[in-house]
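Colleague: Sequence:
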Amino acid sequence: MKTTYLYLGALMLCFASCKKEVKIEEKTVIEADTVPEVTTTTETPEAPMDSVAMQKAWEEYATPTEPHKRMASEAGTWNEELTFWMGPDDKNPQKYTATADVKMILGGRYQEQKHKGKVMGMDFEGVSTMAFNNASQEYTSTWIDNMATGMMIATGKFDPSSKSTTFSGEMVDPMTKKSKKYRQVVTIIDNDTQKMESFDTSPDGKEFKSMEILMKRKK
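Residues 1 to 219 in my numbering are what the sequence shown spells out, letter by letter.
No lab work stands behind these hints, which were simulated from the structure alone. It is possible that some hints are incorrect.
Claimed, not checked - Straight-line Cα separation of at most 25 Å, BS3-like style, residue types lysine-lysine; simulated pairs:
(1) Lys163 - Lys216
(2) Lys195 - Lys177
(3) Lys118 - Lys91
(4) Lys218 - Lys95
(5) Lys206 - Lys177
Said to hold, decoys possible - Now the in silico label distances, taken between C-beta atoms and shown as ranges:
(6) Met49 - Asp89: 56 to 64 Å
(7) Asp204 - Gln94: 21 to 29 Å
(8) Glu170 - Asp101: 27 to 35 Å
Fair warning: this is a prediction, and the values are worked out from it, not measured in the lab. Even for Gly, the Cβ is constructed at its ideal location relative to N, Cα and C.
Let's have the full structure, built from the sequences with the hints guiding it.
Modeller: Structure follows, in structure tokens:
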């Protein structure tokens, strides 16, 4: 691993270090019997990045931390109860069930969830990933499924007091073809129970709860 960091550091040093550049400016003096004067200026090169500091920064960036351990603790198979609201005035939400297989990938650095079930009588599959960025100190989530062709990407922070992570993102509305905001809140109820709430934006710009997934881990 350290060899990899040294290689990355050396590669970045090659880009960061710059050679001295010589600029030639021609200055014409309008006088009789004179030769055009050539002035040479030298730019001071930027100081190269410290290789030791670079290696340390990359090691810290790539090493799983406490948030990654918390994500790893969620590994397993979960039963899901899904509820969908079509709009802010929907009094008869649709309900479905699904399962989710949760595991850590790439050396415990990312969480992957694979969801399967039936929605509106059709087979449904969705894949989500979760990352905690050590550099930005925030979570990033992605979502794709077989009922769309776009990817949803959101970022958020964990609140220890409420044991919840609030994500904010934007998506393209298939109806209007315009970007709109959405919000998700994932709450840890206990070690084997979680709730995900998704909030959409209505055409008049008002936020409403569009989906809720109650997840219970199989034992």
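Colleague: A separate judgement is required for each hint: does it hold in the structure or not?
Modeller: Here's how the hints hold up against the structure:
no., hint, in the structure
1, Lys163 - Lys216, "holds, 16 Å"
2, Lys195 - Lys177, "violated, 30 Å"
3, Lys118 - Lys91, "holds, 22 Å"
4, Lys218 - Lys95, "holds, 20 Å"
5, Lys206 - Lys177, "holds, 18 Å"
6, Met49 - Asp89: 56 to 64 Å, "holds, 57 Å"
7, Asp204 - Gln94: 21 to 29 Å, "holds, 22 Å"
8, Glu170 - Asp101: 27 to 35 Å, "holds, 28 Å"
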